[in-house]
Amino acid sequence: MKKKTIKKFDTSKRNFLTGSVTLAGVAVATSVLPISIAKANHEDSDPKGLPDFIKWKNRDAFIVHSKKGIETHRSAIGESLITPNRNIYIRNNMPTMSDTQIGDRNNWKVSIKGVKNPKTFSLAQLKKLGHTTMATILQCSGNGRGFFAHEVRGSQWKTGAAACVVWTGVPMKVVVDACGGVDSDAVFMTSAGIDHEPTGLDPKKAKVERSVPKKVYKDAMLAWEMNGVPLPNAHGGPLRMVTPGYFGINNVKHLGQVAFTKTESTVKYMKSSYRISPIGKKGSQYPSCWEMSVKSWITRPTDETGTAKAGNVQIVGVAMGGTKKVGSVKVSIDGGQSWKKAKFVGPDLGKYAWRQFVFEANLAPGSYNLASKASAGGKTQPELRYENRRGYAHNGWKDHSVNIKVV
Amino acid sequence: MRIFKIFIVVLLFSFSLTINLKADSEKMALGLEVYNNKAMCGTCHILKAAASEGDIGPNLDSLKPSEEQVKGVVTEGLGVMPAFGEEGLLTSEEIDAVSYYVVNSAGK
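So the protein sequences, as listed, match chains R and U. Position one of the first sequence corresponds to residue 1 (this note's numbering), numbered consecutively onward. Position one of the second sequence corresponds to residue 1 (this note's numbering), numbered consecutively onward.
Incorrect hints may have been included.
Claimed, not checked - Which residues of chain U face chain R? A few of them, derived with a C-beta cut under 10 Å, are:
id	residue
1	V9
2	L11
3	L12
4	E53
5	G57
6	E76
Source of the hints: derived by calculation from the structure; they are not laboratory data. Owing to the predicted nature of the structure, the values given are computational and were not obtained by experimental measurement. Ideal Cβ positions, reconstructed from N, Cα and C, are used throughout, including at glycine.
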């Protein structure tokens, strides 16, 4: 009889073959039982909770999808306008650079190209060149992907891949002026990170290089501080590009170069990824995830915060206009049948930040579907999402509505 | 006669069991081969069963994806992950095997 040689596994794999030998055992091993979000994230198999590189964050504020996709709970986004650093979501394409890989932070270099006088600046030099502070929204292109009905690959964010951040750094305009101005035939501002370098992966596939329209440089900045502290490595420290009103991916982390170019970058993260295409279609001819659209959502009360007591209920949320100033926001307590204007409260940190809104409703015991709908620059949030293959750019108000019980 | 019938049933049952286990173990073997050598999944992923500690993509032991999810992402790619299927880097048999392998090893 012919002897069959089986390749050697290590002992843990051998257990699969000798342990659960019954058909039932095999069935259990191959089925994946759905785990409720709460259990998966707060009692998970990793006793440490958050990965080492972000141990300083607030574990309770998060839903951990993976080590590189960590979402802020709906109610933890910040009721004082600014999202505290401890609660800001994590979405990284490349592993976060370590202190060792970064080296002397003041000596971090960024090259400026596609300008009259190309130059390389150290962080220390940039700090002498200029200074500004600006509040913007950081939002993942895929924020809201979790609401799409079709099977969409990628982190299933609902509302928590977003934050309102105050950045400090130097205006890109100032850097450009110090280099004699932008080349006349430039059409794009193309920023590149260097976080792929330690991985040794092919830059064509791994480099995070993003082109945005040239005009963005006028309001853009190179940031070294986030909400008053040196930019954490996990958020792209020591230096990142901030492209106000544009989706997160364009705010390139671990910034190594800014080039004004005639054509878009041809790396994977620009050419094929982050394209808004119809379901079933893909390609670089489709629009890239650039300008964010008008959007809002309620942060309290939600089914996460538990039941609300009957009587006066403060319905709180955030509203933003993308690259336009958010003009107004309406709230509905009957699933969108009727709408009333909500109040903006708190400071106005400019068109690139969000506004906090409050709507006071007197609610009797019962079930309610609460929704918010913002308007900016003549555009209002649509009811439905724009169906697209990768679940990007969701700003439909219906999916963002919340069901609450008032007791 | 009845004992003989029972004997035949048990024999057929354990025979089919053996066939299934043999298919399983062959698929696992091919899957491991693809994981380690052809696709080099360990470059980017953590999977204790394969002693891989890559730090680029998700930790497969934590993620515990379904077979359909693995097949989809191995075929089409995602971000920096190559489209092993679409770019002709793996055959469909190899994709099936590595997906099966990952699903039956992740978190174990």
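Against the structure, the hints come out as follows:
1. V9: violated (15 Å)
2. L11: violated (16 Å)
3. L12: violated (13 Å)
4. E53: violated (12 Å)
5. G57: Result: holds, 8 Å to nearest chain R Cβ.
6. E76: Given a least distance of 7 Å, the restraint on U:E76 holds.
Going down the numbered hints, you'll see the structure goes against 1, 2, 3, 4, while the others check out.
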